[in-house]
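Visitor: One-letter residues, chain by chain:
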Amino acid sequence: MTSPHASRVVELKIPSELGYEKIAREAVATVARRYGFTDERIADIKLAVSEACTNAICYGSKGDTNTRIVVVLRADDEKLDIMIKDPGYGGAPPGEVKEPNIHKMVKGEARYGGMGLYIIQELMDEAEFLPTEEGNGNQFHMVIYRMTNEESGADNHQGGNTP
Amino acid sequence: MSDEIQIDVQDVDGNTAVINLAGDVTTFAEKAINDAYKQVSNNGANNIIFSFRENDYINSAGIAILIGVVTEARKKNQRLIMAMPSSHFQKIFRMVGLTQYADIYGDLDEALSHAQI
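Read top to bottom, the protein sequences are chains A and B.
Here the working numbering is used: the first residue of the first sequence is 1, the next is one more, and so on.
Here the working numbering is used: the first residue of the second sequence is 1001, the next is one more, and so on.
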């Protein structure tokens, strides 16, 4: 495809069951590729989407395979805007994201895990839980720009992609 | 879903072993990775190389599995080495601190040459 592209919206519903997040990650990667994201950015997006969907499956719907996780992707030449919705069975999302402490994990003082949200925040330009209009469920919102600040020469978005 | 990763084990010289991974390093890979690690560990390897491919995929559950291996390897005074051509993998490993517990090299030949020093 040649640039500029029209903006597009893709919506997916996946079963709330581990393994199905792969469908979401590959779908989002396919769209990112069409919009000219670099391989490194696409790898970041795949991981972030996988982590967010895994959280929605394991915590947001507590593994209830009768529920669905909704992924809404809005793409344009500038960015991908990704919303992941779950029923919120696990209660309120965490308010604070802590950097994982691998030293404690290796010493047996912390469980192996709890890294997903931290990784997402490091990889994406924006990442946050948003309140839902209905007041129930979780909405996790992520944005990643096609070009990093360094690539675009701008300072219009945050974070992400420090090698 | 465990078929999304293929693992084979290669004994290099009795003291060094390579665990070749191909595919998705996720929660579904846990048993296969742990079994491979136990195999080379029980065979006496002290230098254990995990060798990844350029197009492999890893998520936080996969990283947690490797942290578990790191924990076991430290108890046994084994040296863990990661051979990974993917800059994305290297970035993620640095991000979570795994590079403080395992040496990282860009390819298997380089990892082998350092393992056998």
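Hints in this document: simulated from the structure, not taken from any laboratory.
Careful: at least some of the hints might be erroneous.
For lysine-lysine, the following DSBU-like pairs were computed, each having C-alpha atoms within a straight-line distance of at most 35 Å [said to hold, decoys possible]:
#, chain 1, residue 1, chain 2, residue 2
1, B, K1076, A, K85
2, B, K1038, A, K104
3, B, K1076, B, K1091
4, A, K13, B, K1038
5, A, K98, A, K85
6, B, K1091, B, K1075
7, B, K1038, B, K1076
8, A, K107, B, K1076
9, A, K107, B, K1091
10, A, K107, B, K1038
11, A, K79, A, K98
12, B, K1075, A, K85
13, A, K104, B, K1076
14, A, K85, A, K13
15, B, K1075, A, K98
16, A, K13, A, K107
17, A, K62, A, K98
18, A, K79, B, K1075
19, B, K1031, A, K98
20, A, K85, A, K62
21, A, K85, B, K1038
22, A, K104, A, K85
23, B, K1076, A, K79
24, A, K104, B, K1091
25, A, K79, B, K1038
26, A, K85, B, K1091
27, B, K1031, B, K1076
28, B, K1091, A, K79
29, A, K107, A, K79
30, A, K62, B, K1038
31, A, K13, B, K1031
32, A, K13, A, K79
33, B, K1076, A, K98
34, A, K13, A, K62
35, A, K79, A, K62
36, B, K1076, A, K13
37, B, K1075, A, K107
38, A, K13, B, K1075
Quick caveat, the model's predicted, so the values are computed rather than measured.
Visitor: Please go over all the hints and tell whether each is borne out by the structure.
Guide: These are the hints, each one checked on the structure:
Among the hinted pairs, K1076/B with K85/A is inconsistent with the structure: their alpha-carbon atoms are about 44 Å apart, more than 35 Å. Restraint check for K1038/B and K104/A: the C-alpha separation of about 23 Å stays at or below 35 Å, so the hint holds. This hinted pair checks out: K1076/B and K1091/B have alpha carbons roughly 27 Å apart, not beyond 35 Å. With a C-alpha separation of about 39 Å, the suggested pair K13/A and K1038/B falls outside the 35 Å cut-off, and the hint is violated.
Between K98/A and K85/A the CA atoms are separated by roughly 22 Å; this keeps the pair inside 35 Å, and the hint holds. Under the criterion of a C-alpha separation no larger than 35 Å, the hint pairing K1091/B with K1075/B is consistent with the structure, at around 26 Å. A C-alpha spacing of about 12 Å is found between K1038/B and K1076/B, which places the hinted pair at or below 35 Å, so the restraint holds. With a C-alpha separation of about 14 Å, the suggested pair K107/A and K1076/B falls inside the 35 Å cut-off, and the hint holds.
A hinted pair counts as satisfied when its Cα atoms are at most 35 Å apart, and K107/A with K1091/B qualifies at roughly 23 Å. Between K107/A and K1038/B, the direct Cα distance comes to roughly 20 Å. Compliance with the 35 Å bound is thereby established for this hinted pair. The suggested pairing of K79/A with K98/A holds, with an alpha-carbon distance near 26 Å, which does not exceed 35 Å. Taking the CA atoms of K1075/B and K85/A, the gap is near 42 Å; set against the 35 Å cutoff, the hint is violated.
Between K104/A and K1076/B the CA atoms are separated by roughly 18 Å; this keeps the pair inside 35 Å, and the hint holds. Restraint check for K85/A and K13/A: the C-alpha separation of about 10 Å stays at or below 35 Å, so the hint holds. Simply put, K1075/B and K98/A have alpha-carbon atoms about 27 Å apart, close enough for the 35 Å limit, and the pair holds. Taking the CA atoms of K13/A and K107/A, the gap is about 40 Å. The hint is violated against a cut of 35 Å.
Note on K62/A and K98/A: the hinted pairing holds, with a Cα-Cα distance of about 22 Å set against a maximum of 35 Å. Only pairs whose Cα atoms come within 35 Å are accepted, and K79/A paired with K1075/B is rejected, the gap being roughly 46 Å. For the hint pairing K1031/B with K98/A, the CA-to-CA distance comes to about 28 Å; that is within 35 Å, so the pair holds. This hinted pair checks out: K85/A and K62/A have alpha carbons roughly 13 Å apart, not beyond 35 Å.
Straight-line distance between C-alpha atoms of K85/A and K1038/B comes to about 39 Å, which puts the hinted pair past the 35 Å bound. Restraint check for K104/A and K85/A: the C-alpha separation of about 32 Å stays at or below 35 Å, so the hint holds. Proposed proximity of K1076/B and K79/A is contradicted: the alpha carbons are some 47 Å apart, above 35 Å. A distance of roughly 21 Å separates the Cα atoms of K104/A and K1091/B; the hinted pair therefore holds under the 35 Å criterion.
Proximity of K79/A to K1038/B is assessed by CA-CA distance (about 44 Å); at most 35 Å being required, the pair is judged violated. Straight-line distance between C-alpha atoms of K85/A and K1091/B comes to about 28 Å, which keeps the hinted pair within the 35 Å bound. Restraint check: the Cα-Cα separation between K1031/B and K1076/B comes to about 20 Å, which is no more than 35 Å; the hinted pair holds. Our distance criterion of 35 Å between C-alpha atoms is met by K1091/B and K79/A, whose separation comes to about 22 Å.
The straight-line distance between the Cα atoms of K107/A and K79/A is roughly 41 Å, outside the 35 Å bound, and the hint therefore fails. Distance restraint check for K62/A and K1038/B: the Cα-Cα separation of roughly 32 Å lies within the 35 Å cut-off, and the hinted pair is therefore satisfied. Taken as a hint, the K13/A and K1031/B pair is honoured in the structure, with Cα atoms around 29 Å apart against an allowance of 35 Å. Distance hint between K13/A and K79/A is fulfilled; the C-alpha atoms sit about 22 Å from each other, no more than 35 Å.
Pair hint K1076/B plus K98/A holds up; C-alpha atoms about 30 Å apart against a cutoff of 35 Å. Taking the CA atoms of K13/A and K62/A, the gap is about 17 Å. The hint holds against a cut of 35 Å. Pair hint K79/A plus K62/A holds up; C-alpha atoms about 31 Å apart against a cutoff of 35 Å. Restraint check for K1076/B and K13/A: not satisfied, since their Cα atoms lie roughly 46 Å apart, outside the 35 Å limit.
Restraint check: the Cα-Cα separation between K1075/B and K107/A comes to about 10 Å, which is no more than 35 Å; the hinted pair holds. Our distance criterion of 35 Å between C-alpha atoms is broken by K13/A and K1075/B, whose separation comes to about 44 Å.
Of the hints listed earlier, those the structure fails to meet are numbers 1, 4, 12, 16, 18, 21, 23, 25, 29, 36 and 38, in rising order.
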